[in-house]
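> Listed below are the residues making up each chain.
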Amino acid sequence: MTSPTTEDLQAITEQVWLSYLDPEGVAPFLPSEETPALPHVIAAVSVTGAWEGHVVMAFSASASQMAASALLGIEEEEVSRDDIADAVGELVNVIGGNVKSLLPDGSLLSLPHVATIDEGVNKWPAAVEVCRLQGSWQNEPIAISVWTSKSTG
Amino acid sequence: MKILIADDSRVMRQIVTRTLRQAGYGGHELVEAADGRQAHDLTISEKPDLVLSDWNMPEMTGIEVLRALRAGGVDVPFGFVTSEGTDEMRQMAEQAGALFLITKPFTADNFTDVLGPILG
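One line per chain: the protein sequences are U and W, in this order. For the first sequence, my numbering gives the first residue as 1, with consecutive numbering after it. For the second sequence, my numbering gives the first residue as 1, with consecutive numbering after it.
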C-alpha cells in the first residue's frame, strides 16, 4: 500500500510554514540532520481505518515555545503550557490532515495528543517509521515522522 | 460587516483572524466562538454576516451547527475552515448549505479568492 514519502512531508511542511509560521518567507524550515534532543515536546495524531499509523512532530522545548508565540502573536515569555499544547497540536493536526489526503479513502484522523518527553521512553510499539523530515526553524530542531502499522504497512 | 470565527483552538482562531487581516478584511467586526454550541448561539444572538467554522469541535460539530441554523431558518452565509477536505465532507457541507470549505493550511490569497465575492 502506498505510504507518504519524505518529499511529501517536505511539500506539506513548506506550505504550513508559509501559511502560519513564516508568512514573510524569512524564517523557513530548513531540512538538516539535526533532531530534537531530550527533553522535547511531541505532538501526534493517529490515522485509523483504511490506513493505520501515526503522524508525529517533535520540537525542541524552545521550538515549541516559539511556535506558540508566533501563532498567537504574543511574546515568548507570555506563552503558557496550554498555549504550547494548542499550537503544536494544531500544527500536527494540519500536517496530519494533509498526510491523510495522500492516504486511501476511508482513513480517519484522531484528535491530537501532546506530551513533553523528558527521557527516552516514547514508543510506538505497533508501528514502523515510513518517512521522516528533520531540520531546524530559527536554529531550533523539529522532526516530523510518519509511522505505519506493522500489520498493514 | 460582522464575521463569526468558530474554532476550539485559540491558536486557529488567531490564525484565521490574522489571515483575514492580511487578506484585507481587518476592518470587519470579529466575534469568536470556542465550541459548536457557542457558535450556534452567537450566530443567533450576534447575527453575523458570515460564519467561518471549524469542522470538529466540542459540544456540536460544525456541520451540526450549520444544520441546526438552517433548520431554525437562519440563512447566514456559512463556510468551513478545516484541516481535512475529503470529497465526502465537501458534499455534506454543500448539501447542508455551506458556501465553501477552505482546507488548512490556507493563505491570505485563498481567503481573498473565497471571501471576496461574499464580503465584497
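Treat the hints with care, as some may be off.
Unchecked claim - Where chain U lies over chain W, by a calculated footprint (3+ residues, C-beta under 8 Å):
(1) 6-14
(2) 27-34
(3) 75-87
Claimed, not checked - Heads up, incomplete: computed chain U residues facing chain W, CB under 8 Å, no partners named:
(4) S69
(5) E90
(6) K100
(7) L102
FYI, nobody ran anything at the bench for these hints, they're computed from the structure. This one's a predicted model, so the numbers in the text were calculated from it and none came from an experiment. Built from N, CA and C at the ideal position, the CB exists for glycine as well.
> Among all the numbered hints in the text so far, which are the ones the structure does not match?
Of the numbered hints, 2, 4, 7 do not hold.
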